[in-house]
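Visitor: Starting from the known structure of chain S, arrange chain Z on it as the hints suggest.
The chain contents come next:
Number of protein chains: 2
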Amino acid sequence: MKLNAKFIDVDTGEITALMHDSDAAGLGVREKDRVRIVHEGSGVVAIVTTSDTFVKRGEIGLLGQAFKFVGPEEGETIDVFAASRPESVECIKRKMDGLELSKDEIYTLVRDIASRSLSNIELAAYVTSLQINGMNIRETADLTMAMVETGETIKFDKGPVYDFHSIGGCPGNKITLLVVPIMAAAGCLIPKTSSRAISSAAGTSDIVEVFANVDLDSRTLKQITESVGGVMAWGGSLNLAPADDVIIKAEYPLGIDPHPQLLASVMSKKKAVGADYLLIDIPMGDGTKVPTMEGAKQYAKDFIELGEKLGIKVECAITYGGQPVGRAIGPALEAREAISILEGAKTPNSVIEKTITLSGMLFDMGNGRGGEEKAREMLESGKALAKFREIVAAQGGEADIKADDIKVGAHTYEILAKRSGYINKIKNKDFVKIARAAGSPNDKGAGLVFNKKVGNKVDSGEVLFTIYADNEAKLADAKALAQKLEPMLIEGMVLAKVPSFGRVTF
Amino acid sequence: MKLNAKFIDVDTGEITALMHDSDAAGLGVREKDRVRIVHEGSGVVAIVTTSDTFVKRGEIGLLGQAFKFVGPEEGETIDVFAASRPESVECIKRKMDGLELSKDEIYTLVRDIASRSLSNIELAAYVTSLQINGMNIRETADLTMAMVETGETIKFDKGPVYDFHSIGGCPGNKITLLVVPIMAAAGCLIPKTSSRAISSAAGTSDIVEVFANVDLDSRTLKQITESVGGVMAWGGSLNLAPADDVIIKAEYPLGIDPHPQLLASVMSKKKAVGADYLLIDIPMGDGTKVPTMEGAKQYAKDFIELGEKLGIKVECAITYGGQPVGRAIGPALEAREAISILEGAKTPNSVIEKTITLSGMLFDMGNGRGGEEKAREMLESGKALAKFREIVAAQGGEADIKADDIKVGAHTYEILAKRSGYINKIKNKDFVKIARAAGSPNDKGAGLVFNKKVGNKVDSGEVLFTIYADNEAKLADAKALAQKLEPMLIEGMVLAKVPSFGRVTF
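As you go down the protein sequences, you meet chains S and Z in turn. In terms of numbering that gives the first Met the number 0, the first sequence opens at residue 0 and continues consecutively. In terms of numbering that gives the first Met the number 0, the second sequence opens at residue 0 and continues consecutively.
Calculated from the structure, these hints are not laboratory results. Here the structure is a predicted model, which is why all the values come from computation and not from measurement. Take these hints with a grain of salt, some might be off.
One copy or two, it doesn't matter: identical chains are merged, so the pair holds either way.
As a list, the in silico DSS-like pairs of lysine-lysine whose alpha-carbon atoms are at most 27 Å apart [as the list claims (entries may be wrong)]: (1) K288 with K248; (2) K451 with K288; (3) K483 with K428; (4) K1 with K478; (5) K55 with K5; (6) K428 with K456; (7) K248 with K92.
The shape of chain S in the complex, shown without the other chains (with noise of 0.2 Å):
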């Protein structure tokens, strides 16, 4: 069928092409199905959306990406032929129906993904099986390879390539700032990639763009790498298993991260970068990510299992996530905490500890042994401080920066303790609402300082923690909601009385 284009200035997400009913009837498809647009020998394959109104019989509206893949001029005739669902489909019904997924089927899925060629409807009820379904560690490994393989690979010219990540949920986890300059200052190539916060309070990303470019090419970030040791960079700008980013979308509407997609997403940019030694954090306890030790130990092992399948060697610290590591939350309050740390500062103690452990651990995996002693030397020696400010300088950032130097939010507010006691919880989830209320990650100077953790005693009208926002409006929000969540738990020392007769009471 012939039919005139028409430029819609819109991008849906998906290719798309708008039919007018009585067109898409004639080319017997409906709402939903593909057809193949092509112009001057250039093709390209789009989901259907009919209508009677915005497009006139004749014309055949196309939305952002579908003209960019085609380029006819506005009104020019192009062919348009109807096209079958692409053969991936048929695998997200295979596992819909329990299956098990061979390569080649998991390859072309990922494929299809990483071009763009599902549908939303299709990529969600992708993810819906996944979480329902699941996968096998062999499924698993080719769905990472397969990733890997639709992006692009950095391969350096010496090794071995250390590499470290957290899995995240855990609230102020500042310690990638403090182990990759302390890997580094060891002499170990640590290039690592972070994410920005998707519903955290500050990702590794969102903390390091506050005081260097986070936002590198790989050319850029192989070569800093190789001089500096190590590299603080976005994933995001890297295309390093693109499909990722296209399942995410399905994802995070959802608010699932179905377990074989959260452990091949994580795999699958730590061997686009060749790593050789993979050292992960899994902060575990109440509002983490991961509640319980049993479940913690199982994603340690899935993770080292998929590491010997992929020829990664993987070693997993299972944390406490139970509140947040250290005492600062936000992009610019985080780095400021980690930076002082570098300084020489000697608390918070739980953020020096982990880095120190941390660091050790992943030392130890190419080295044998001496790790935390050789970890603790670069921190108290001034030698981490002097490779961390060597990668934020090679980052585009200040040479001679100093945690002094980091502007934090202007608007402050103190909540203070209402009762006497102990403090028995800090719910990481309220924090993170009350620092995202305050503003971050997008105002920079946005979080919140705690002045209190658990175990702590604290006498009624002392301060809690402080909030800070880049702007009065937000802290206000921050502050109302604080008010209103009761984000951390005071109680007497005698938690429950019980009596030799009658009912306990709290």
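Guide: Chain Z in isolation, oriented as in the chain S frame:
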């Protein structure tokens, strides 16, 4: 946040707001999040799409539907607030986790579906979860009632109300055109609504539309039914159980029809017209929706059990669907065949026999016994023909309609037998493809007529079937497809020779 409205002339099927990346970030929303947009007191919740090219900072693009609900002038300022995702997303996640949904949860879900508050991704997650995890009969009954109550219902002033439904999957099944006038002629009230073809060659509404108007509103449907006794309307124009139409849009691209959704889809439309007695035709056999007797019995059991919960007396007929019913496939050809039987034709026997048996069963449900005799009497006396003409006239067709008046495709091609033998198999799905290639159901005259059916003896060179089309090009397409598919198997009476030693030869 205050933004300037920009009208974008395209309907994505979702209520969509297109925001500039930095405005979205400022509001703390991402792609696929929700915003509430308000103008002069009226508001609507829209799904966010972001862009940094199609709208400028400070602008918000309202796509098709979104504009309609809020209705500002181009460039006017509207208020935009972050909104949370609909509650029913949590219900979908519970079904993903394999949990039973409460009545409240199901009603919440169906209300959000019917009001088009769910995105395509959320709808796809719903149908996929249902396909995998199913629903019990209690949930299915709640689903059905929620679908009824979110749509229009029709209450007849007299009764009881008889109804009939075929779950489909067997081509040529035009018996609704016979059952309705027979039942009405026998004094029963039968307000039959039907669908159009989705993937078949002709839905009942496509056939009836050849000679009458099927696009009736509920007032007209009620009036015709009460005065004439029967009606044959298209369900799509009646707004019965509108959630179903929304759900089908997510099922169709995936090629799935989850069992509980199929049950609820059928039963909600029957409940909405107040059916008291309902007969369900379950065509069973190769190439239908239900290939095995075991599967057919399960369907029957579920329909009957669901009917009990809904207060509808249900019986089921498991019918032979291993080859097409009758000799004609395609809207006009099926209409002609059905009317010729009303006029007294004694063939095809398969259509007449099925009609009499099923009409008889349905009559007996309300009257105890004598149904088959009654149905035969209505047909053979010409009373069914007279009633049929009354119904046609009431629906705006010719009151003296005759089979010979029906215009069928002017272009025909006969497919001949390449060998002699017996027809061993007629492949339903292949013949649907051939009929659709010829133009069915949009070209009313397109389709095919069988000269031979399963069990018939055929000599080489005899006509097997004739393809009809409204134009030469589609005839050629259908002919090429028929020659490629070999949709009829011809065998000798001896299917295999088994010698006393050696291999079996076929």
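Visitor: If you check each hint against the structure, which ones fail?
Guide: Every hint satisfied by this model.
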